[in-house]
Each structure stands twice: as structure tokens, then as C-alpha cells.
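Going line by line, the protein sequences match chains A and B. By my numbering, the letter at position 72 of the first sequence is numbered 56, and the numbering carries on one by one without gaps. My numbering runs 99 ahead of the 1-based position in the second sequence.
There's no promise every hint is true.
[Said to hold, decoys possible] If you only want the chain A side, here are some residues facing chain B, beta carbon under 8 Å, derived:
hint, residue
1, N(-13)
2, I(-12)
3, Y59
4, E60
Simulated from the structure, these hints should not be mistaken for lab results. Heads up, the beta-carbon is just placed ideally off N, CA and C, and yes, glycines get one too.
Listed below, chain by chain, are the residues.
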Amino acid sequence: MLNITLYLLQRVSAAMMVPFVLVHLVVMIIAVNGGLTATEILSRTQGSLVWMLFYGGFVIAVSIHAAIGVRVIAYEWFGLNGRWLSVFTWTVGALLLFTGLQAVHAVTATPL
Amino acid sequence: MPDTSELTVTIQRGDQHDQHMDTFTVPAFSNQTVLDVVSWIQQNEDPTLTYRFACRVGMCGSCAMMVNGVPRWTCRTHVKNALKGQYLEIAPLRNLPVIKDLVTDMDPFFDKWIDAEGHHHASLTRNDEFAAITPTNPKRMTANEGIECINCAVCYSACDTVKNNAEYLGPAALQRAWTLLNDDRDEQDETIIDAVSGSSGCHNCHSMGSCTVYCPNELDPMSAIAGLKRETTKRALRRRR
Chain A
-15 MLNITLYLLQ RVSAAMMVPF VLVHLVVMII AVNGGLTATE ILSRTQGSLV WMLFYGGFVI
45 AVSIHAAIGV RVIAYEWFGL NGRWLSVFTW TVGALLLFTG LQAVHAVTAT PL
Chain B
100 MPDTSELTVT IQRGDQHDQH MDTFTVPAFS NQTVLDVVSW IQQNEDPTLT YRFACRVGMC
160 GSCAMMVNGV PRWTCRTHVK NALKGQYLEI APLRNLPVIK DLVTDMDPFF DKWIDAEGHH
220 HASLTRNDEF AAITPTNPKR MTANEGIECI NCAVCYSACD TVKNNAEYLG PAALQRAWTL
280 LNDDRDEQDE TIIDAVSGSS GCHNCHSMGS CTVYCPNELD PMSAIAGLKR ETTKRALRRR
340 R
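Model the full assembly from the supplied sequences, consistent with the hints where possible.
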């Protein structure tokens, strides 16, 4: 149930995620190593455009990649087909994008 | 010389709607193929047993069956290499509709060869010169790696993606498309690329590799499909530029 367009989108989003995952893990380990509190972390991320773009891009890549991956599982294992398969794919993608961007906003936007 | 031992052979019987297993006791010989066993049962125990074979030497691709859960060309499979203890379970090829007993309907398999544009697209006429292609031409060498397919459908039957995605063109048809794409005498590259780029095309392959593991002619359809993925990707990116 993958055509060339979906295949390319999934490969490109996977390639995008490689640096995102590596930086995310390394920074997380280094940051927590010294015993940072949540408040201290938020004080560094809130208002930071760099972290907003970084995690915003991460969330977009994840939403595309996961929606297509789950689409294949839904088709091959649960027989979801046709229009409902498209609806399902878009719903998964939109849900991940919405919740992910909400989290990015909470962590990186300047608090009121 | 027959051994004193015997084989216990269970065979799937019936059509698509009504299936059961029949068990037979078959004399074991020191030199015996799975097809020999099936023929012995048909000739000595049950003349109604239906199965398919022709050449008996691994060329025609008509005798493939599931043997102890594994797709095999039965005429070239020695019983001793397929046995579990003294037990053989023989069933029709997986992923294809059963007509009767061990005979499957191969239509979906061959229809997909056509859907994958797995046929020669000629452009020259008999009045044109031959296209001169040397045996060392790299594209020719790539095509050569896949052309010894005997259409036995063992790869199609082994493929878990085909099992879960009935629309998927499958390893044999895609490998055929790949050989034609690398054949300089075939003039419709774009037709082939379009045929394998759709929702039933090569991008559905999960690279699990059962096709390559079970191909009785030791071909490598998984790598052929990987080649198609690379080539379709290159051309798609070029088209978008």
C-alpha cells in the first residue's frame, strides 16, 4: 500500500530523524548528567527559537514517518483499505502533529 | 534397493472451500525426491490425488509445493533434505488459490507479471540492425543475474508481504521488471518504472528476504527489488526537479 510518493516521504523523514534523534539523546544525557531540574531545563528552552525549530522539525518528521508506517500495518495486518485507509493515515499524522506541536509550544514558547 | 524404513506422509486434500489432511505410509528409498513420494501415493494408494508436474528436472517450474511448511521445487528436493524425523507434510503453494489437492491456480501469479510490465517491449523491426550488447556490459550482467527464473512461484509463496498484501506484485514479477529495465533492447523503461511505482509495486517490499532464501535457482529477487527502489527513487527525484 506504498507508492513511490509515500515511500519517498517515509525515507526522507527517516533521514531527517537521524540527526534529530542523535542530538536529542546526547543533549538529554548531558543535560541530566549534572542533575538538572525541570524548571532549570524549561528556563533554557523557553523562548529559544533554536529549540522550537529543532523540536518542531522533529515532530513534523515523526508525524509523517509514523503515519505512513502505521498505515502499512493497518493495511497488512488489519485489512483497512481504500478511503478509510487514507482517513486513518491522515488522522494518525494529524494527531501526532497536533499533540507534538502542542508539547513543543509548551516547552519552547516564551511563558506569558 | 528399498530401505526397511517407511515415511509418514500427510497431504492436504480438497479445494479452496473444503480441506482436510490425508495420511499415507510410503516406503522410504535411499534416493527419493518429494515428487517421487507424491507420485508413489497417486500410483499406489489414491489415484484421485491431484498434483502438477512436467519436466522432473527443475526446468519447468510446475511442481512447487509446501513441504514441511517450506516452499520447494519437489522434483529436485531429496526427501532426506526435507524430512522431520520420518515425517513429511505436503500442501499446495501458499498465497495462491487452491484448485484441488496440491494444484493451485497460478493466474494471480502470472497476471502480476503482466501488471509489472514483465514482458518485452520491442521497438525495432525485422528490418533494423540487431542491438549489439556485449556480455560484459554492466547492465547486461545485472539483467543476467535474474533471467534464470523458471516461474515456479516458490518466491511468491515464501513472501510474507504477499501473504498480508494480496495486491503486491511479488518478487518474481518485480525481478522480471528489473531484468527488463536493465535490458537495452527493451525500449519502455518509463512504462516499467510506472508499473512498479504504484500502490502494489516494489515499495511495498519489506526486504525480509524469503524470496532470496527459498529461490530454488539461487536467484536474488530481494536485491532486484532493491534495485527497482533505487532506480524509481532516482527517476522520481529527477522528474520533480
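Going down the list of hints, with the structure as the test:
Restraint check, N(-13)/A versus chain B: the minimum CB separation of about 5 Å is within 8 Å; hint holds. Interface hint status for I(-12)/A: upheld, as the beta-carbon distance to the closest one in chain B is roughly 4 Å, under 8 Å. Satisfaction of the interface hint for Y59/A is found here, the shortest Cβ-Cβ separation to chain B being roughly 7 Å, below the 8 Å cut-off. Taken as an interface hint, E60/A checks out: its beta carbon lies about 4 Å from the nearest beta carbon of chain B, inside 8 Å.
Every hint from the earlier list agrees with this structure, and none is contradicted.
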